[in-house]
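Chain by chain, the residues:
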Amino acid sequence: MIAAFTAVVRKDLMLEARGGQSTTALVALSLLVLVVLVFAFDPGGGEQGRAAAAGALWVALVFSGMLGATRAIAAEHENGCIRALLLSPLDRAALYAAKLGAAFIFMALAEAAAIVLMVLFFNLQFDVRTMRLVPAVMLGALGFAALATLLAGISSRVRGGDLILPLLAVPMFVPALIAGVKASAMALGGAPLAELATWIKVLVAFDVMFVAAGYLLFEYVALEE
Amino acid sequence: MSAAPIEARALGKSYGISPVLRDVTFNVEAGQSVAIVGANGAGKSTLIRLLAGLAAPSAGAALLFGEPSRALAPALRRRLGLLSHQSMLYPNLTARENLEFFATLYEVENPEAAAREWLERVALGAAAGTRVRGFSRGTEQRLALARALIGRPDVLMLDEPFAALDAEGAAMTAALIREAMARGCAVLASAHSANTLADIGFAVHVLSRGRLVPAEYPGSPQGMVRPAAVRQVS
Numbered sequence: 173m174i175a176a177f178t179a180v181v182r183k184d185l186m187l188e189a190r191g192g193q194s195t196t197a198l199v200a201l202s203l204l205v206l207v208v209l210v211f212a213f214d215p216g217g218g219e220q221g222r223a224a225a226a227g228a229l230w231v232a233l234v235f236s237g238m239l240g241a242t243r244a245i246a247a248e249h250e251n252g253c254i255r256a257l258l259l260s261p262l263d264r265a266a267l268y269a270a271k272l273g274a275a276f277i278f279m280a281l282a283e284a285a286a287i288v289l290m291v292l293f294f295n296l297q298f299d300v301r302t303m304r305l306v307p308a309v310m311l312g313a314l315g316f317a318a319l320a321t322l323l324a325g326i327s328s329r330v331r332g333g334d335l336i337l338p339l340l341a342v343p344m345f346v347p348a349l350i351a352g353v354k355a356s357a358m359a360l361g362g363a364p365l366a367e368l369a370t371w372i373k374v375l376v377a378f379d380v381m382f383v384a385a386g387y388l389l390f391e392y393v394a395l396e397e
Numbered sequence: 356m357s358a359a360p361i362e363a364r365a366l367g368k369s370y371g372i373s374p375v376l377r378d379v380t381f382n383v384e385a386g387q388s389v390a391i392v393g394a395n396g397a398g399k400s401t402l403i404r405l406l407a408g409l410a411a412p413s414a415g416a417a418l419l420f421g422e423p424s425r426a427l428a429p430a431l432r433r434r435l436g437l438l439s440h441q442s443m444l445y446p447n448l449t450a451r452e453n454l455e456f457f458a459t460l461y462e463v464e465n466p467e468a469a470a471r472e473w474l475e476r477v478a479l480g481a482a483a484g485t486r487v488r489g490f491s492r493g494t495e496q497r498l499a500l501a502r503a504l505i506g507r508p509d510v511l512m513l514d515e516p517f518a519a520l521d522a523e524g525a526a527m528t529a530a531l532i533r534e535a536m537a538r539g540c541a542v543l544a545s546a547h548s549a550n551t552l553a554d555i556g557f558a559v560h561v562l563s564r565g566r567l568v569p570a571e572y573p574g575s576p577q578g579m580v581r582p583a584a585v586r587q588v589s
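Protein chains in written order, with our numbering: chain A, 173 to 397; chain B, 356 to 589.
Since the hints were derived computationally from the structure, they do not count as laboratory data.
All values reported here derive from a predicted model rather than from experimental measurement.
Using N, Cα and C, we set each Cβ at its ideal position, and we do this for glycine too.
Take these hints with a grain of salt, some might be off.
If you anchor each label on the Cβ, the simulated ranges turn out as follows [to be verified]: (1) A/Ala200 <-> B/Gly493: 53 to 63 Å; (2) B/Arg538 <-> A/Glu391: 48 to 58 Å; (3) B/Arg492 <-> A/Ala175: 23 to 33 Å.
Counterexamples of contact, computed for chain B against chain A with all Cβ distances above 10 Å [stated by the list, open to error]: (4) Glu384; (5) Val389; (6) Gly408; (7) Ala430; (8) Arg433; (9) Glu462; (10) Arg533; (11) Arg538.
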C-alpha cells in the first residue's frame with residue numbers, strides 16, 4: 173500500500189511538473205488577490221496594515237485552494253482515470269490520503285509564494301514575524317486541502333459542481349479561516365508563538381476533523397450512485 | 356461450490372424513474388467468456404459498470420467472486436481488469452509511465468519490466484516514451500487493454516473491445532483475450548455485434564431495452580447476431 177500511495181503522489185507531482193497549470197494558476201490567483209486588496213485597503217504600516225496583510229493572505233489561500241482542488245479532481249476525471257483508481261486494489265482511504273498529500277504540497281508552494289508577495293506588497297519585513305506565520309498558514313493549507321479534496325469528490329459528479337464546491341467549502345472553512353487570520357495578524361504583530369496557541373489549536377482541531385472525515389468518507393463520495 | 360467469478364442476480368438499475376436494466380440474471384464461470392450484445396442504449400455499459408462495482412444497483416445483486424462488487428475487498432479488486440469506453444489513461448503521462456503506475460497499483464512484482472513487456476505485446480514499444488495525449492484512439496485503446504491485463508486479472512470486463520481498432524489491432528486484441536481465456540480468466544464483453552466475439556468462442560446474450568432477451572427476437576437488427584453462435588436464454 174505504501175508503494176501505491178507513493179505512486180499516486182508521485183504521479184500527481186509529475187503531472188503538475190509537466191503541465192504546471194495548477195501551481196501557476198494558484199500563484200497567479202494569489203498575486204491577483206493580494207494586488208487588488210493592497211490597493212483597495214491602502215493599509216500603510218502599523219497594526220492596520222498587518223491585519224490587512226493577514227486577511228489578504230488567507231483570502232488568497234482560500235481562492236487558490238479552491239482552484240487547485242477543482243483542477244486536481246478534474247484531472248482525474250479526464251479519460252475516466254478516477255475509475256481506474258477506484259477499481260484498483262489501492263485502499264480508497266489511502267487514495268484520499270495521496271490526493272490530499274499532493275493537494276497540500278501544491279497549496280504549500282502557492283502559499284510560500286503568497287507570503288513572499290504579501291511581504292512585498294504590504295511593505296513588511298522578512299523577519300522572525302514572517303516565520304511565525306508559517307505554522308498557521310501550513311495548518312490552514314492542510315485543512316483546506318482536506319476539506320476541498322473531499323468536497324471535490326462530490327462536486328465533480330454533479331451538474332454545476334464548479335459552483336457547488338465554493339458554496340460548500342467556504343462556509344465550512346470559516347472556523348479555520350477566522351483562527352488563521354487571527355493567528356497570522358498576531359504573528360505579524362510580533363506576538364510569540366505561545367500567544368497564538370489558542371488559534372493554532374483551532375486549526376489543528378479543524379485539520380484533524382476534516383482529514384479524518386475525508387479518510388472515512390472519500391470512498392462513499394467518490395463512487396457513482 | 357465456489358461462487359462464479361461474475362454473477363448478475365436479477366440485476367436492475369434505474370436513473371430516476373427511467374429503468375436502464377431490468378431483471379438481468381446470468382453468470383460467467385472461470386475460463387468462460389460471455390458477450391452481451393445490443394443496440395445503443397440497451398444498457399450494456401451500465402451492466403458492466405454495475406458488475407465492476409462502479410455504480411450501485413437499484414435492484415438485485417452484482418457479484419464478483421461471490422461478493423458484492425460495490426464493496427469488494429482490495430485483494431479481490433486486484434483480480435479484476437476493466438477495459439471501458441474511456442481509456443482510463445493519464446494523457447500527460449507516457450505510455451510506459453501509465454503502465455508502470457498501474458502495475459504498481461496492482462502490486463505487480465517488477466512494474467518497470469511488466470510495463471516493458473506489455474508495451475511490446477501491444478506493439479507500442481516504439482511509443483513507450485510518447486505521451487498518451489498524442490495517441491490515436493485505436494492506439495490508446497491498445498494501451499488501455501494492456502493496462503487492463505497488466506495485473507493478470509482473473510476477471511476481465513471489456514466494453515466494446517474492438518471499437519476504434521484496425522485489423523491488426525483487432526487481431527492483437529482477440530489474441531490477448533484468447534490468452535486470458537486459456538489461463539482461466541472469466542471474460543465478459545459487450546459489443547454492438549456478436550460476430551467477432553462469437554468467432555473467438557464467446558457465448559452470446561442479447562440485451563434489449565435493459566432486459567436479456569431470447570437470442571432471436573422480433574426486430575433484431577439485420578446481421579447483428581449469427582444464430583449459430585447464440586445461446587438461447589432460458
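Here is what the structure says about each hint:
1. Between A/Ala200 and B/Gly493 the C-beta distance comes to about 38 Å, which lies outside the given range of 53 to 63 Å.
2. The hinted window of 48 to 58 Å between B/Arg538 and A/Glu391 is violated, with their beta carbons roughly 31 Å apart.
3. A C-beta distance of roughly 32 Å is found between B/Arg492 and A/Ala175, which places it inside the suggested range of 23 to 33 Å.
4. Every CB of chain A lies more than 10 Å from the CB of B/Glu384, the least distance being 22 Å, so the non-interface label holds.
5. Separation of B/Val389 from chain A is adequate, the least Cβ-Cβ distance of about 20 Å exceeding the 10 Å criterion.
6. Not every CB of chain A lies more than 10 Å from the CB of B/Gly408, the least distance being 7 Å, so the non-interface label is violated.
7. With a minimum CB-CB distance of about 7 Å to chain A, B/Ala430 fails to clear the 10 Å threshold, and the non-interface call is violated.
8. Remark: the non-interface label on B/Arg433 conflicts with the geometry, its nearest Cβ contact in chain A lying 4 Å away (cut-off 10 Å).
9. A beta-carbon of chain A is positioned within 10 Å of the beta-carbon of B/Glu462; the least distance is around 6 Å.
10. B/Arg533, annotated as away from the interface, keeps every beta carbon of chain A farther than 10 Å; the closest lies near 23 Å.
11. Listed as outside the interface, B/Arg538 is consistent with that label: its C-beta sits roughly 20 Å from the nearest C-beta of chain A, beyond the 10 Å cut-off.
Of the numbered hints listed earlier, those contradicted by the structure are 1, 2, 6, 7, 8, 9.
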